[in-house]
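> Residue numbers (the working numbering), protein chains in the order written: chain W, 763 to 1431; chain R, 763 to 1431.
Just so you know, these hints were derived from the structure itself, not from any lab. Among the hints, erroneous ones may be present.
Copies of one chain are not kept apart here, so a pair can be met inside one copy or by any two copies together.
[Unchecked claim] Straight-line Cα separation of at most 25 Å, DMTMM-like style, residue types lysine to aspartate or glutamate; simulated pairs:
no.	residue 1	residue 2
1	Lys778	Glu848
2	Lys1412	Asp792
3	Lys1424	Glu1351
4	Lys902	Glu1095
5	Lys1407	Glu829
6	Lys975	Asp791
7	Lys840	Glu1384
8	Lys1221	Asp1039
9	Lys1421	Glu908
10	Lys767	Glu804
11	Lys1241	Glu1351
12	Lys1038	Asp1100
13	Lys1430	Asp1356
14	Lys798	Glu1308
15	Lys1032	Glu1095
16	Lys1214	Asp1394
17	Lys1038	Glu826
18	Lys1367	Glu1403
19	Lys1407	Asp873
20	Lys1043	Glu989
21	Lys1430	Asp815
Protein chains: 2
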Amino acid sequence: MAGKKVNEDLLNERAKCNFDVEELTNLLDDGVEHTKRRRTLEQNILSIEGLQDDIPEEYLSHKEKYENGLRKTLLMCKALQTYDKESAGRSFQENIRLNFRNSLWSAVTKDTSPLLLHLEMFMIAILEQGNEEQREYWSKKATNFEIIGTYAQTELGHGTFIRGLETQATYDVGTEEFVLHSPTITAYKWWPGGMGHTANYCVVMAQLYIKGKNYGIQPFMVQIRDEETHMPLPGVKVGEIGPKLGFNTVNNGFLGFDNVRIPRDRMLMKNAQVLKDGTYKASPNSKLAYGAMVYVRVVIINSACKYLARATTIAVRYSAIRRQSQLKPNAPEPQIIDYVTQQHKLLIAISTSHAYHFTARWLWDLYTKTNQELRRGEFKNLPELHILACSMKVLSSADCTALIEKCRLACGGHGYLMSSSLPILYGVSTATVTYEGENTVLLLQVARSLVKTWDQILKGHISVSPSMVYLGNRTPLPKWDSSLQGILESFKRVAKGKVSASVSSIDQYRKSGLSPEDAWNKASVQLISAAEAHARIIVLSVYKAEIERRASTLSSPLATVLLELLELYYIYWALEKTGDLLLYTKLSEKDVRDLQHRYEDILEKIRPNAVGLVDAFDFRDEILSSTLGAYDGRAYERLMEEALKSPLNKEPVNQSFEKYLKPFMRGKL
Amino acid sequence: MAGKKVNEDLLNERAKCNFDVEELTNLLDDGVEHTKRRRTLEQNILSIEGLQDDIPEEYLSHKEKYENGLRKTLLMCKALQTYDKESAGRSFQENIRLNFRNSLWSAVTKDTSPLLLHLEMFMIAILEQGNEEQREYWSKKATNFEIIGTYAQTELGHGTFIRGLETQATYDVGTEEFVLHSPTITAYKWWPGGMGHTANYCVVMAQLYIKGKNYGIQPFMVQIRDEETHMPLPGVKVGEIGPKLGFNTVNNGFLGFDNVRIPRDRMLMKNAQVLKDGTYKASPNSKLAYGAMVYVRVVIINSACKYLARATTIAVRYSAIRRQSQLKPNAPEPQIIDYVTQQHKLLIAISTSHAYHFTARWLWDLYTKTNQELRRGEFKNLPELHILACSMKVLSSADCTALIEKCRLACGGHGYLMSSSLPILYGVSTATVTYEGENTVLLLQVARSLVKTWDQILKGHISVSPSMVYLGNRTPLPKWDSSLQGILESFKRVAKGKVSASVSSIDQYRKSGLSPEDAWNKASVQLISAAEAHARIIVLSVYKAEIERRASTLSSPLATVLLELLELYYIYWALEKTGDLLLYTKLSEKDVRDLQHRYEDILEKIRPNAVGLVDAFDFRDEILSSTLGAYDGRAYERLMEEALKSPLNKEPVNQSFEKYLKPFMRGKL
């Protein structure tokens, strides 16, 4: 942040910010000590040579991107071993939580790393699915990087529907081995990160067969490459799946088996077991596996809000230095952030990032608590946790991705340049909509639970999940109340109204002769809308509760701006959902107009703090990696500096001129 | 389309299609003869060797992408000279219109071509801004490719606001030359396609100065590279601007001048002139330039609907062959297109592509008519045409881009692969939201016109633009009418209500003491929403009129399915805009439920024709260039075939293993 002069407009913005930026940073970090620890780690790691590119990744070929990405990943892993030694003393999950605000990897492998799956899914699979002996053995090897692993579940022809997986693991009692086999092309594993050319081990999910009988999907630890030569083992067909919208340094791969044999003890046997003689011992409680799924979804929510915070930082700073057009005749060109339409695009992005920031932490705590219950054999809160995690994964991925794209578009043409980092942020963020439970599929699961609860309430059950209690509210519709609590209650009426309408439609379709499944399917557009409305209540209420709980501990200026952002979020969504509120509450036309004016007022209130608010996210320039968003606001200079790094710009005349263009222009091609 | 076996599910879909696919193709092509002509051209061009890549572009480095893209572009230009000889006998604009359905370039340079700006903007600039002598001289050179040109308007610091451009062209009476100069870094031209290393000439928009006085923005023909060596001329700083979200084979560049001198006759003088002695002669009518702007926007609308048609073809065919999950217990996995949520995502995309297909043609005809009037000196219809083109550019770019992304997401993980072609379609389509008038900026122009008309009506003026007559409707609100005509009238009430509410807000803000400009700005979120509502009326009415006009000339099954798609479009948008309709019409809660059920019924009606409808777009596999969307439905086989083209997959072990990974795993990196 030192060196060159900071843009005047940014200096002015920072001067007029009326709260303590550092206080907000500390709040986001969960305390001063954590801010300090994060910054020290960033400083140490980012001063290591070789972690930054001379030629930006985007100029490289697909193959070079992988090679360079792997090189930097390994340097980074080494650096973390040096500078984050304490992490070895903490549990895997403690480390995850402690690093919720860490975006260091983004400074090194913007398009994510070929070891991503090793560091996350492979480790979790060992910890959650291995028995004690297996955990001990494999997690040591994995932690020390003696082996590099990945996790293979999805197949070319199978994603959402786990039961549909085709890969077979057939137990051979004679040799006490499992025979792994891919019977068709659609059975090939497809997508695992690092699978292409990086991993030599892999946890493979496959259909277990013993003596001709199917025992469902089980996890197997499979060696796929020779530890010495890295050559694929006999019968293993492995490679990469090609370029993608993002994740191009991740080395996503495919994997097929031609009757590959592995010893019996390579089945991960924490849950189910296969004895030597082929006896199958079922899992004592299959629900244990849900824990890991919830965990991954909380991590997604946290990532989503960090991606959005980066995009917002870029767009807000750029909007403060970009001057364009005229608001008033003969006045100088205004900062584009002074256009209310621009504030409309950007300020909600700050609120939204806060909303999911606090939601992710709240959900993590709930997950930790529920996990402890699970270990004690208590499962009653698991369904609620599962539905909460589904709902928040869907909404955070969808909202944050949409707002990242809004941020990019708000930067006009320059946002389209890779050097802005906005396209790559969109690429990694939009993937969260699809992976770890495709959003539409998850919404249908949430809807299933809502309809089930609705039925239970009709049947007089009183113990429903806390987050669905509102479905049983039988009090008459109150008059419109524009307080935040009033708006929250109104959104509950909306969700209830939508569940009720969906159920009516299903009933009506059944009466017309459709089967229960066809009636459900025909009403599913409504069901998804009901599930979304339910999910919206959760963010609204958690965001509100978390801010209000903290407000009294904060200095007054900071509390004020955080409450303004909360209010903005409420009004924004009330205006977005006017149709629902008009249908299911007593909102009137006049109320809508009042909300609109309140929205216009609150934009104006937050506007002077916009740059301070994004500064408080405290992303170092190396992490933002953006020509438009750097702390000093030298956007135009950086755009030119980055362009000059292009290998095409190293020569005044490209070879294609003599080769193709000149002959063509002379009519001689 | 021959050779390998076609997927069974697709065969079934085609068998159950109940209209004549060829009849629809002919309709979209404007007649049997045009279908024939298009197919012959496609067949001729696509059989030329060297136009298809052995290694897909996505694997190449940025530099290689350019070199390969240029090579193919030149081959393509040569091929067109051979196989489209008649085009020489037609006007530039006749050729554009005749090729509205041509997507051949997409088969060759998916990410568009470095000659894009030469073929479009450079030619138009010469034709629209050169005087007769200049047109004769330069257009001959450009048509024969003796020179390669581009068009430079946007600068690093200036886009939307043309008057803010900084590049200077100062007339030197002594030498009868213009001196071109870039006084700052923000004055550098930035973005022109082909500017980087391809073009040797360029039309530059610059501030004209004569004897210290500024005469506004004028066009200059500037040579930037030596015709023999291609070296940048002295004082010319030129290069490329680096990788982007899309358009990576376009060679977008920057251009700066250090006092570069050009002869006086290099100013394009159709409109304004500078005489030898420095006398400035103003343009007889500056409005003439609007024609070209309208033309470009109509072309964008047509491109948007073609991009969407491609994405829809891919997603619908893939959804017909992809089987996943279970709708009913113990039943086989259904085609995912049988999920109503999937139909909800995809069928509106077919309707929308049709809507803009017909709108683009309608607007072209209006443009042609208005252009004839302009040449006769009649300008009265120009403002209306301008606002129509703005409105439709905004809505088509926004709607089609959003739906392309919906199509991509509807294909799950595989849609994220470049080999699906969906990411690249998004990349090129989303650019249309920003270029040629950024959408928010254009909406504010539309709003300006709406508010002006509103004021005129209040003042008793009766001759308002035909598309805004509804603003003066003083009849009482009728009861809800769910016919298409009724819905259209309701949408007019919505737009009128929104204009009225915006104007009230502006008045209210003015009364509270804000300046007119600040009041306008503060209400601008509402103004944009009003402008969007106005634009929606136009698509709704044009789509309806164009389908109904044609329906009687079509066979009954085709007319039926086209009317179903039209109805789908109406119901979809009524449901999307429930809030507006509840506010501004007599729509009731029951009416909303009826619309919802009608929507669910119409999805079911269209479903069996979905594949037939996308087949009728008649994209050859080379144009679609998609593993997921090919005519034969061999999606999984193609995914694997494409992945195996990866240079990374040519070696079982990548060099990075010995270089980095092995030492790292042994603790020796």
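> Each hint should be assessed against the structure and marked as holding or not.
Hints, verified against the model:
Neither within a single protomer nor between protomers do Lys778 and Glu848 lie at most 25 Å apart by alpha-carbon distance, with minima of 40 Å and 65 Å respectively. In the homo-oligomer, the alpha carbons of Lys1412 and Asp792 never lie at most 25 Å apart, since the shortest distance is 47 Å inside one protomer and 49 Å across protomers. Neither within a single protomer nor between protomers do Lys1424 and Glu1351 lie at most 25 Å apart by alpha-carbon distance, with minima of 67 Å and 68 Å respectively. In this assembly of identical chains, the alpha carbons of Lys902 and Glu1095 never lie at most 25 Å apart, being 61 Å within a copy and 41 Å across copies at closest.
For the identical chains of this complex, Lys1407 and Glu829 are neighbours both inside a copy (20 Å) and across copies (18 Å), given an alpha-carbon limit of 25 Å. In the homo-oligomer, the alpha carbons of Lys975 and Asp791 never lie at most 25 Å apart, since the shortest distance is 52 Å inside one protomer and 57 Å across protomers. Proximity of Lys840 and Glu1384 under a CA criterion of 25 Å is satisfied intra-copy only: 19 Å inside one chain copy versus 46 Å between copies. Taking identical chains as interchangeable, the C-alpha atoms of Lys1221 and Asp1039 are never at most 25 Å apart, the minima being 49 Å within one chain and 94 Å between chains.
Only between protomers do Lys1421 and Glu908 lie at most 25 Å apart by alpha-carbon distance; the minimum there is 16 Å, versus 49 Å within a single protomer. Taking the shortest alpha-carbon separations for Lys767 and Glu804, only the intra-copy value of 23 Å comes in at or below 25 Å, while the best inter-copy value is 56 Å. Proximity of Lys1241 to Glu1351 under the C-alpha cut-off of 25 Å is found in both arrangements, the shortest distances being 13 Å within a copy and 18 Å between copies. Within a single copy, Lys1038 and Asp1100 get their C-alpha atoms no closer than 72 Å, and across copies no closer than 44 Å, so neither meets the 25 Å cut-off.
Proximity of Lys1430 and Asp1356 under a CA criterion of 25 Å is satisfied in neither setting, with 70 Å inside one chain copy and 67 Å between copies. Taking CA atoms no more than 25 Å apart as the test, Lys798 paired with Glu1308 passes inside one copy only; the shortest distance there is 23 Å, against 65 Å between copies. Taking identical chains as interchangeable, the C-alpha atoms of Lys1032 and Glu1095 are never at most 25 Å apart, the minima being 66 Å within one chain and 30 Å between chains. Proximity of Lys1214 to Asp1394 under the C-alpha cut-off of 25 Å is found in neither arrangement, the shortest distances being 54 Å within a copy and 42 Å between copies.
Proximity of Lys1038 and Glu826 under a CA criterion of 25 Å is satisfied in neither setting, with 47 Å inside one chain copy and 57 Å between copies. Taking the shortest Cα distances, Lys1367 and Glu1403 never come within 25 Å of each other, neither inside one copy (36 Å) nor across copies (56 Å). In this assembly of identical chains, the alpha carbons of Lys1407 and Asp873 lie at most 25 Å apart whether taken from the same copy (19 Å) or from different copies (22 Å). For the identical chains of this complex, Lys1043 and Glu989 are neighbours neither inside a copy (32 Å) nor across copies (80 Å), given an alpha-carbon limit of 25 Å.
Taking the closest pair of Cα atoms, Lys1430 and Asp815 come within 25 Å of each other only across two copies (23 Å); inside a single copy the shortest separation is 41 Å, beyond that limit.
Of the numbered hints given earlier, the model fails hints 1, 2, 3, 4, 6, 8, 12, 13, 15, 16, 17, 18, 20; all others are met.
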